[in-house]
Amino acid sequence: MNLRQLLVRLPHYLGASGSPRRLWWSPSFDTIFSVGSWRGQSSRSPAHWNQVVSEAEKIVGYPTSFMSLRCLLSDELSNIAMQVRKLVGTQHPLLTTARGLVHDSQNSLQLRGLVVLLISKAAGPSSGNASCQNYDMVSGIYSCQRSLAEITELIHTALLVHRGIVNLNELQSSDGPLKDMQFGNKIAILSGDFLLANACNGLALLQNTKVVELLASALMDLVQGVYRENSTSAKINSDLQPFTKEKTSDSMTFNLNSAPVVLHQEFLGRDLWIKQIREAQEKGRLDYGKLRERIKAGKGVTSAIDLCRYHGNKALEALESFPPSEARSALENIVFAVTRFS
Amino acid sequence: GRLRWEHWLRPGVWDQPEQHSKIPYFNLVKHLTSACPNVYSISRFHHTTPDSKTRSGEKYTDPFKLGWRDLKGLYEDIRKELLISTSELKEMSEYYFDGKGKAFRPIIVALMARACNIHHNNSRHVQASQRAIALIAEMIHTASLVHDDVIDDASSRRGKHTVNKIWGEKKAVLAGDLILSAASIALARIGNTTVISILTQVIEDLVRGEFLQLGSKENENERFAHYLEKTFKKTASLIANSCKAVSVLGCPDPVVHEIAYQYGKNIGIAFQLIDDVLDFTSCSDQMGKPTSADLKLGLATGPVLFACQQFPEMNAMIMRRFSLPGDVDRARQYVLQSDGVQQTTYLAQQYCHEAVREISKLRPSPERDALIQLSEIVLTRDK
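Going line by line, the protein sequences match chains A and B.
For reference, each letter of the first sequence is one residue, going 1 to 342 in my numbering.
For reference, each letter of the second sequence is one residue, going 1 to 383 in my numbering.
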């Protein structure tokens, strides 16, 4: 089975139907913060974003979605696909993660690999002794760099999968049978571990201890990041569990841990924020539309935009140390696309 | 008959999976054990032996004490690798590095390092990089335990509550990832790409071993091969490859690397086989975890597979993974009535003998002899 066939079949295996669900952190731009007061053709509209990404992909030589799923071609992993299939009909988050990985490819979820490739190309061929000289270069990118891009995606996907574990003692009857969640947890842990093991093997093959150290440190930082994110959202989220089921797009839910919301809360102070949440509740259900309006009226959104632009400028500054090239321009375009809000 | 046993102990046999199903295991074991009825009785000798002379002519002490000489501060050093800013995550990650574990793996690694160094050039010095392998092995092992406990929904380990029961499954999985990444950083800092390759193989084997455990085989002979392969991947691979890694760091001779690997592999398998026996023969106080744990997880280990030869009615229970009420107790009874325990122990003995045969090829030293003595301890331990 080649990659294309696998990808055609996967959504079916995963029981996907209807419109894809989006993960909160994906750069999909019909979220609450890109509609409403912003006028005109939003350059964060999907069409523009896709254009930026597909041009970038031409520069690096191939589409970069599904990079982390390529290891699914091993026999071993057809096992995982089958196991995940058993989760269809349950409410385990792993199913959402898996669907998201496949379905959101049109929004080029797997940006990290693409960015690694672009940086590789922008940096240009090595001069001097670098170990890369033993590797082939295609489209201006060494095969070891391509491998690194894939490893980056693997690590990221592994953590994504591990984030989908559920705490068994917090389950409610609406979540379905305990054994489904236990099984889902099992598969999520093993799949994540498998992806990490593949990443480690890939790193070992690069025969570069410094690179191993860097990526292992990155993983350590990522894990701590995930942990902190879970912790801060734990308090408020646990109160709101009954409300966080998907709604219609009119009152689409948003992540209470996202930057605008967190910053909004910081400006307000915790007590006022809790008050706003209570006011947005009707008959025990949270009205996200109402809460959204409150947030937009505050300073959280604008300071989040400022923060985003600050980081964007830092990234652009860093890019200046590369010689001008197509790859560098593509990276700049990505920064522009991500930081424009009007 | 004898030749067939040796087939399983040859290096590289794991690479030929198609061979597995061709060997009628149980007939072999039956034949051998009926020929040697006295092998069942293994003399129990206690952990602390009086000092006595060994083949090398030098006095030796308890192998654990000997190994610990190079491992002082092991747990403190591991905790230093866990540079974590959040206090709860740090607490979780350090939870099992409390100095109360057996540290079996680090001790083997430390002893092997010395044995190889002495063999190579009579050096009595253990390199920092070799000591680092001891830490890394223990960290990788612990990370896998943390994940296994979530997978198995285990409540206790080493006499205390598991990480998943105290902090929940989500955080436990992250803690395992953290320990693994810390181990990888330490591994990278050794600066040896061969050693990195050797130990990343372990990480892959651990995962594949868990996957093997999820699946099952219909055919009896396939089941046993499957069981041994899982045993290698989940337990022996880490020990074999850590031994190989320290030998690579200490000595350039590939013959020595292979000896170290074979010792580790054989003793690792023996260790797990005895662990599986103890799940039937010991009581929960001694083990620090409840017994019949394997049956309750639906796992058919050595004693069960052997018992099934005598009691074919166990087949149905094995296939449904002891999921019906009463299955666990019935299976346990069958095992205790059968010679499953003895046969598994005998098999463990064979692996130990192979380990000893290999390590005896090294130059005599107190550490080499300690490794030999360790194999005896593996067989006779009661927890």
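It is possible that some hints are incorrect.
Unchecked claim - No more than 25 Å apart at the CA atoms, straight line, and that leaves these computed lysine-lysine pairs for BS3-like: (1) B:Lys296 <-> A:Lys186; (2) A:Lys186 <-> B:Lys165; (3) A:Lys186 <-> B:Lys160; (4) A:Lys179 <-> B:Lys296.
Note that these hints are calculated values from the structure, not bench results.
For each hint, the structure was consulted:
Proposed proximity of Lys296 of chain B and Lys186 of chain A is supported: the alpha carbons are some 16 Å apart, at most 25 Å. Restraint check for Lys186 of chain A and Lys165 of chain B: satisfied, since their Cα atoms lie roughly 15 Å apart, inside the 25 Å limit. Pair hint Lys186 of chain A plus Lys160 of chain B holds up; C-alpha atoms about 22 Å apart against a cutoff of 25 Å. Pair hint Lys179 of chain A plus Lys296 of chain B holds up; C-alpha atoms about 15 Å apart against a cutoff of 25 Å.
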